[in-house]
Amino acid sequence: MNIKPIKKEKSTKREIIELGIIIGIFAFIFLTGLQTEVAGFLQRAVLQTGIHNSHDEIPNDEQDNADYNFKLIGLDGSYLELEDLKGKVIFMNFWATWCPPCIAEIPNIQELYDNTRNENIVFLMVSTDKNEAKIRKFIEKKGYTIPIYRPASVRPEVFSSNSIPTTFVISPEGKIAYKNIGIANYNTDSFKELLGNLNNKYQGAL
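Residue numbers (the working numbering): 430 to 635.
To be clear, the hints were calculated from the coordinates, so they are not data collected in a lab.
Positions of the beta carbon are idealized from the N, C-alpha and C atoms, including for glycine.
There could be a bad hint or two in this list.
[As the list claims (entries may be wrong)] With beta-carbon atoms standing in for the labels, derived distance ranges:
hint: 1; residue 1: Glu548; residue 2: Ile487; range: 19 to 29 Å
hint: 2; residue 1: Ser619; residue 2: Lys570; range: 26 to 36 Å
hint: 3; residue 1: Lys563; residue 2: Glu622; range: 30 to 40 Å
hint: 4; residue 1: Glu548; residue 2: Tyr508; range: 17 to 27 Å
hint: 5; residue 1: Asp513; residue 2: Asn591; range: 20 to 30 Å
hint: 6; residue 1: Asp618; residue 2: Ser582; range: 34 to 44 Å
Could you put the whole structure together from the sequences, leaning on the hints where they help?
In structure tokens form, the structure reads like this:
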């Protein structure tokens, strides 16, 4: 009796079933609009490996001047002038709800925000989404409490970037002390130390 063709037939059927399951999963993710969430989840897993944990302050002689001519609007409709935050440490992150790496790094930023409650260190999460309702729905779903804003004026050239997420840290002296384009884990000892050192400069200026 020749059983090899039978085994091959069974193997082929199994492969077809497995392929069908995989296609079905991807179809479900696409049709339900979960592709951004899934991609964000996978990139968050990469963050946990620590490969995006390195944070160094830009050398003093290479730091650009921050442009405070920037107006923001919060989800509550209130306006904020960057000018009013002069003299403080400003953590400013540009992101969007459709951006997987943005979604991946926000949980760590929220944790950093929770662990760094200091009136001299200000967190600004600036969404580039056009649809405010979409931003609000995303934030409420995730339960984030970090301050969320949208641009209410033209973004200054010094804060421009061709990609998101992009993060800036402005020193009390009005210098861009830190800049990162792309995903990163900011809830680390090294980044907390960077913020702490900048805050000490603020204290020294009082």
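Structure-based check of all given hints:
1. Glu548 / Ile487: 19 to 29 Å: With a Cβ separation near 25 Å, Glu548 and Ile487 satisfy 19 to 29 Å, so the hint holds.
2. Ser619 / Lys570: 26 to 36 Å: With a Cβ separation near 31 Å, Ser619 and Lys570 satisfy 26 to 36 Å, so the hint holds.
3. Lys563 / Glu622: 30 to 40 Å: holds, 35 Å
4. Glu548 / Tyr508: 17 to 27 Å: holds, 20 Å
5. Asp513 / Asn591: 20 to 30 Å: holds, 28 Å
6. Asp618 / Ser582: 34 to 44 Å: holds, 36 Å
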